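With the hints as your guide, set chain H onto chain Y.
Here is what each chain is made of, one letter per residue.
Number of protein chains: 2
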Amino acid sequence: MNDQVEQLLGGNRRALARLLTAVENQVVGLGEILSDIFPHTGRAWVIGVTGAPGTGKSTLVTALAKAYRALGKTVAIIAVDPTSPFSGGAILGDRIRMRDLSGDSGVFIRSMATRGNLGGLSRATRDAIRVMDAAGFDIIIVETVGAGQSEVDIALAAKTTLVVDAPGLGDDVQAIKAGILEIADILVVNKADRPGAKNTVRSLKTMLELGHPGSRSQVVAHHGQLLQVESKGEVEHHEEMWIPPIVETAASEGKGIDELIESINRHIHFLANDEALVKLESQQIEIELYDRLRDALMAQLLQKIPGNVFADVIGRIQAREIDPESAVEAVLAKVP
Amino acid sequence: MNDQVEQLLGGNRRALARLLTAVENQVVGLGEILSDIFPHTGRAWVIGVTGAPGTGKSTLVTALAKAYRALGKTVAIIAVDPTSPFSGGAILGDRIRMRDLSGDSGVFIRSMATRGNLGGLSRATRDAIRVMDAAGFDIIIVETVGAGQSEVDIALAAKTTLVVDAPGLGDDVQAIKAGILEIADILVVNKADRPGAKNTVRSLKTMLELGHPGSRSQVVAHHGQLLQVESKGEVEHHEEMWIPPIVETAASEGKGIDELIESINRHIHFLANDEALVKLESQQIEIELYDRLRDALMAQLLQKIPGNVFADVIGRIQAREIDPESAVEAVLAKVP
Chain Y
1 MNDQVEQLLG
11 GNRRALARLL
21 TAVENQVVGL
31 GEILSDIFPH
41 TGRAWVIGVT
51 GAPGTGKSTL
61 VTALAKAYRA
71 LGKTVAIIAV
81 DPTSPFSGGA
91 ILGDRIRMRD
101 LSGDSGVFIR
111 SMATRGNLGG
121 LSRATRDAIR
131 VMDAAGFDII
141 IVETVGAGQS
151 EVDIALAAKT
161 TLVVDAPGLG
171 DDVQAIKAGI
181 LEIADILVVN
191 KADRPGAKNT
201 VRSLKTMLEL
211 GHPGSRSQVV
221 AHHGQLLQVE
231 SKGEVEHHEE
241 MWIPPIVETA
251 ASEGKGIDEL
261 IESINRHIHF
271 LANDEALVKL
281 ESQQIEIELY
291 DRLRDALMAQ
301 LLQKIPGNVF
311 ADVIGRIQAR
321 EIDPESAVEA
331 VLAKVP
Chain H
1 MNDQVEQLLG
11 GNRRALARLL
21 TAVENQVVGL
31 GEILSDIFPH
41 TGRAWVIGVT
51 GAPGTGKSTL
61 VTALAKAYRA
71 LGKTVAIIAV
81 DPTSPFSGGA
91 ILGDRIRMRD
101 LSGDSGVFIR
111 SMATRGNLGG
121 LSRATRDAIR
131 VMDAAGFDII
141 IVETVGAGQS
151 EVDIALAAKT
161 TLVVDAPGLG
171 DDVQAIKAGI
181 LEIADILVVN
191 KADRPGAKNT
201 VRSLKTMLEL
211 GHPGSRSQVV
221 AHHGQLLQVE
231 SKGEVEHHEE
241 MWIPPIVETA
251 ASEGKGIDEL
261 IESINRHIHF
271 LANDEALVKL
281 ESQQIEIELY
291 DRLRDALMAQ
301 LLQKIPGNVF
311 ADVIGRIQAR
321 EIDPESAVEA
331 VLAKVP
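Residue numbers (our numbering), protein chains in the order written: chain Y, 1 to 336; chain H, 1 to 336.
Chain Y with its partners taken away, still in its complex shape:
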């Protein structure tokens, strides 16, 4: 086994940092390292934290990490920055806000951006979670900003997903909420000491009742079906439903954090029950496998087909001689 991997498993923080950089850059040889690490994963509890801008997610994550530390748990934090797929600049602000945690060797914070496309970011995030898991952290918190793919990725990697809201964010943000509500295992109304918090709670309750989001594992299952993944049997009707609770916090004052941890514990207990966790994991693995297969198939194709075939087809599309979907058929017909 690789020296670095051994050091990682032994709790060496420098090896951890180096491996995370390797993951972020998706370096050559990473596959072997991840393969060595993999048997040592699956022990950490992965908590995804997402929500609209301005809800105070980073403050909440900091408060949550402190509370887990007080309970004697080690905590790793991954701040995912999906906003810069091109240059890969990580959000400095998050790290600044989390400086309260610095100096505690039981906490490890890492911002993750990507130099590649968003597919690359979702792969790197999954890999980083595994590296931190193998390093022995009890709790891994994955925080992401924004709406869209990054939230979905969180739902596909986390065991418990928190969706954070706050009062007074306006209409446009409300629109974002409607979408990410569906991936929530727990809804957090942060800044609950501000005016309008009760309204926010009320409107979330209404949305929950309207949307019947059910448990996130169903959402993941649904996503799987969209990817044409075979359904793993019918939803069993005797299965208990998880209704996302709404927890009020004022993270900057440390208020409501104990209640939040209690809700997370209830969710852990719920998943452990009735093999729901096994099912959730299996669905997550299924989707990851498909993502990786898609990438691998494309890499194979690029080796089989000479570059000038692509250039030629692109020219013909641009000249409007052939449409993109017919061009796909034309390219695939040339595979030897």
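Watch out, some of these pointers could steer you wrong.
Identical chains share a label here; the pair holds if one copy fits it or two copies do between them.
Only pairs whose alpha carbons sit at most 25 Å apart, straight line, appear in this in silico SDA-like list of lysine to any residue [claimed, not checked]:
id: 1; residue 1: LYS279; residue 2: VAL331
id: 2; residue 1: LYS304; residue 2: GLY11
id: 3; residue 1: LYS334; residue 2: SER282
id: 4; residue 1: LYS279; residue 2: ARG316
id: 5; residue 1: LYS279; residue 2: LEU289
Think of the hints as simulated: they come from the structure by calculation, not from any bench. Note that the structure is predicted; figures quoted are calculated from it, not measured.
Chain H alone, transformed into the frame defined by chain Y:
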């Protein structure tokens, strides 16, 4: 040729609406229709509008559409909703805000969500743009909420991308801006009549200077390279650089819209010059082709490999007997 296509090309609005629904649902037979339509596309100017929540994008789009109408141009608006990949609920609010435009037959507004994954949304958006292009609209405005993949998609489909900002949105939103700044051809500071607008302009200027984002066509080129697309020759050094201008608007008052259109016209002129448009289009087509190939390859694989192979491999990953990347190799080794 399909009757519906003929009606679409003849300007029939009901055929347009029906085809957009077909696109949104990615119905069987859509490929043939899009193939018939394709030679009639490429005439509209596609403007992408994106930015953080709360910047007043919909109001800006409405004002922009009105101004183009006053200039005698027909306008189609696509409001992309990437926030609900699971249930596919379109943002009703946008349509409500745009009701000023109703009753004008020279304007067509459509919200687009997706019943599938985000890849599906980006495909449907590209297809919808082509349908509206073939229907003869002069200007197609694609608006999207949120950060992440949807912005990238806009950069990959639009000819001119506007990134909208506004004063007083707070730190977290600032973080989002850093990422999407890079896809901007034109930066719009909306709500410029509000306090703090000068600060917003100043901070955008600083970010522009720090980030050297250059022209978006370079960003698209960069994205292409990330997808391992062959580079289309070196960046020519005699090539003129496009420096994104910052335009101040107060869209709800109709202020600054003429200046914005002037900036868009300058960008159109810039792209027409020096074959930059041809290059941008070619890069966009390249990325689309790769996306479609990836999907097609996966569909092929699912036909070739029996379902139980996947189930078996997923079980072995879950038991930590094999890591996901090695599992990919194992599956591909079984392709007959």
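Hint check results:
For a Cα distance limit of 25 Å, the shortest separation of LYS279 from VAL331 across copies, 21 Å, qualifies, whereas the shortest one inside one copy, 38 Å, does not. In this homomeric assembly, LYS304 and GLY11 never come within 25 Å of each other (Cα to Cα): the closest approach is 43 Å inside a single copy and 44 Å across copies. Taking the shortest Cα distances, LYS334 and SER282 sit within 25 Å of each other only across copies (21 Å), while inside one copy they are farther apart (36 Å). When the C-alpha separation of LYS279 and ARG316 is checked against a cutoff of 25 Å, the pair qualifies only between copies, where the shortest distance is 14 Å, while the shortest distance within a copy is 46 Å.
Taking CA atoms no more than 25 Å apart as the test, LYS279 paired with LEU289 passes inside one copy only; the shortest distance there is 15 Å, against 35 Å between copies.
Hint 2 from the list above is the single one not met by this structure.
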